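A.B. asks: Each chain is listed here by its residues.
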Amino acid sequence: MAYSNEVRDSFSKELDGIREAGLFKEERWIKSPQAADIEVEFPAGAEGKKVINFCANNYLGLSNHPDVVEAARIGLGTRGYGLSSVRFICGTQDIHGHLEHRLTEFLGTEDTLLFPSCMDANAGVFEAILGDQDIMIADRLVHASIVDGMRLCKAMRDTYKHSNMEHLEEKLQDHQDKRIRLIITDGVFSMDGDLAKLDEIVALAEKYDAMVFVDDSHASGFIGKTGRGTHEHCGVLSQIDIITTTLGKALGGASGGCVSGRKELVELCRQRARPYLFSNTVAPVIVSGAIKVLDLVSATTERRDKLEWNTKFWRDGLVKMGLDIKAGDSPIVPVMLYNAKLAQDMARDLYEEGIYVVGFFFPVVAKGQARIRTQLSAAHDQHHLEKGLEAFAKVADKYGILGKSKKEIKEMYGL
Amino acid sequence: MSEKCSIQIELPDDLEASADNLEVLRTVFQTIITLSRECGTKSNQELQAMLTDDWQVHCGLTWSASAQRGKEFETATGKTKEEALAHLRQMTCLHEMDGCP
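So the sequences go chain by chain: A and B. Sequential numbering from 0 applies to the first sequence in numbering that gives the first Met the number 0. Sequential numbering from 0 applies to the second sequence in numbering that gives the first Met the number 0.
Hints may be right or wrong, so weigh each one.
[Unchecked claim] With a cut-off of at most 30 Å between alpha-carbon atoms, the simulated DSSO-like pairs for lysine-lysine come out as follows: (1) A:K160 with A:K325; (2) A:K24 with B:K41; (3) A:K153 with B:K41; (4) A:K160 with B:K41; (5) A:K224 with A:K262; (6) A:K153 with B:K3; (7) A:K366 with B:K41; (8) B:K70 with A:K12; (9) B:K3 with A:K160.
[What the hints assert, rightly or not] Far from chain B, some chain A residues (derived; all Cβ distances over 12 Å): (10) A1; (11) N56; (12) K160; (13) D185; (14) P362.
Hints are computed from structural coordinates only; laboratory data are not their basis. These figures come from a predicted structure and were not determined experimentally. Cβ coordinates follow ideal geometry from the N, Cα and C atoms, glycine included.
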C-alpha cells in the first residue's frame with residue numbers, strides 16, 4: 000500500500016489524539032553520562048541545564064562507574080564490538096557463559112540464560128515452559144512485559160487482586176485441576192515501590208503445589224541484606240522457581256536481561272524462547288561491564304547500604320515537610336498528588352529548580368492516583384538530597400499542599 | 000451482483016427473547032448455512048493443506064467474547080459463555096493501568 004496523503008493524515012490524527020489526551024511522550028536529551036548530576040537539553044535546542052536526577056533506575060550508581068567503564072573498554076578490545084549472530088549459531092563467547100554463571104551464583108538459583116532485555120525475557124519465558132493444560136495466575140499490577148508474555152503463551156490466564164493473598168489462595172483452589180499452576184508477580188512494583196509478599200506467596204505455592212515466578216528488575220542488586228533481591232529480603236532465597244531481571248537498572252544500567260531459576264526451565268528457554276532464539280546475542284562490551292558490576296556488588300554492600308541510607312533520609316525528609324508519600328522501604332518513592340495537572344505542573348516547576356522528576360497519571364497509574372515518582376540512587380550524596388528536599392518544599396508550598404491530607408488535596412485540585 | 004437472500008422470521012409478540020436467545024438462533028441458522036454450503040469446498044481445501052503439513056486440526060463452534068476500550072482490545076473463547084467471559088475478564092484485569100517502566 001502506498002503511503003498516501005490519506006494514510007499519512009490518519010496517522011497524524013492518531014498522534015494529535017495522543018497530544019490532546021496529554022499523553023504525548025517527549026524525549027529529553029541528556030548531554031552527560033547517567034549520574035546524580037546531569038546536563039539536560041529541554042526543550043530541543045535549549046541551552047543545557049544542570050539538574051539533579053531523581054528519576055533514573057540507576058539505583059547503585061554504577062551506570063558510569065569508572066571500574067565498569069574500564070571493564071567494558073577491555074571487553075571491547077578483547078572480544079570486539081558485536082557478534083553478528085544469535086547465541087546458538089555463533090554468538091556465544093566464553094564471557095557470556097561466565098556472566099550467566101555469575102548471575103546464577105548471585106541470584107542463588109540453578110542456572111541462568113541471558114536475553115537482550117528483561118522485556119524479551121518476560122516475552123519468551125511463559126511460552127517456552129507452559130502449555131494449554133497449565134494456568135498462569137498473575138498479580139494484577141505486574142509489569143507490561145509480563146502481560147505481553149502471558150498473551151503470547153497458550154496456557155490459561157487468571158489474575159489476583161494486587162498483593163491480596165486471600166484472593167490468590169482462592170484462585171489456587173479454583174485451579175487445582177490444572178497440570179501446572181504458575182504464580183506470577185513483580186518483586187518490587189514499579190508504580191508504588193511496594194514489595195511482593197514472597198514469603199506468603201511461597202507458602203501458598205507449597206500448600207497448593209504451584210510454581211513461583213518473580214520479575215525482580217527493580218530489586219536485583221540492592222533489595223535484601225546482600226542485594227540479591229526480593230527473595231533474599233523475604234527469606235525465600237532458592238525457593239523461587241523462575242526469576243527474571245535486568246542488567247539495565249541497578250546492575251550497570253546498559254541493557255540485557257535474564258531468566259534464572261530451575262535448570263530444566265532455563266534449559267527449556269534455551270531451546271524454545273523465541274526472543275532468545277531470534278535476537279542477537281548481548282554485546283561483549285555489555286557482558287564485560289556486567290561481570291565487573293557483579294564483582295563490585297558481590298565484594299561489598301557499601302553501595303546498597305548507602306542507597307538504603309539515602310532512601311530513609313529522603314523518605315523522612317518528605318514526610319517531615321508534610322508531603323504524602325507511599326509508605327515502604329524501597330528507593331522508589333512516589334509523592335502522591337492525586338491530580339494529573341498538579342503532578343505535571345509540580346514536575347515542571349521542580350525542573351526549573353534543578354530537580355529532574357516526572358509526573359505520572361492515568362493511564363500509567365490509576366485514575367485519581369497521580370504522583371511524582373522519585374527514585375533514589377547510591378550516586379546521590381547528602382547535598383543532592385538536601386537540595387531536592389528544599390526544592391520540593393518550595394514548590395509544594397507554592398501549590399499550598401504542605402501538610403495537606405489526600406482529602407484536602409482532592410478538595411483543592413479535584414481528580 | 001445478485002441480491003443477497005435473507006430470511007426474516009417474525010417472533011410472537013409474547014415471546015421474550017433475550018440477547019442470548021437471539022444469539023443462539025443466529026448461530027444455529029449460520030451453522031446450518033455453513034454446513035450446507037461449505038462442505039467439500041474451500042474450507043476442506045484449507046483443512047487438507049494443514050493436515051498435509053502435519054497439523055492436528057480441531058475446528059468447532061465455541062463462545063467468543065471480546066472487549067475494547069480505546070486502543071486496548073482483548074478476545075477470549077470458551078466452551079460456555081461463562082467460560083469465555085471469565086477468560087476475557089482476567090485479561091481485562093491486566094489493563095487496570097499501563098504501569099511505569
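A.B. asks: Are any of the numbered hints broken by this structure? If so, which, sorted upward?
C.D. replies: 2, 4, 6, 7, 9, 11, 12, 13 and 14
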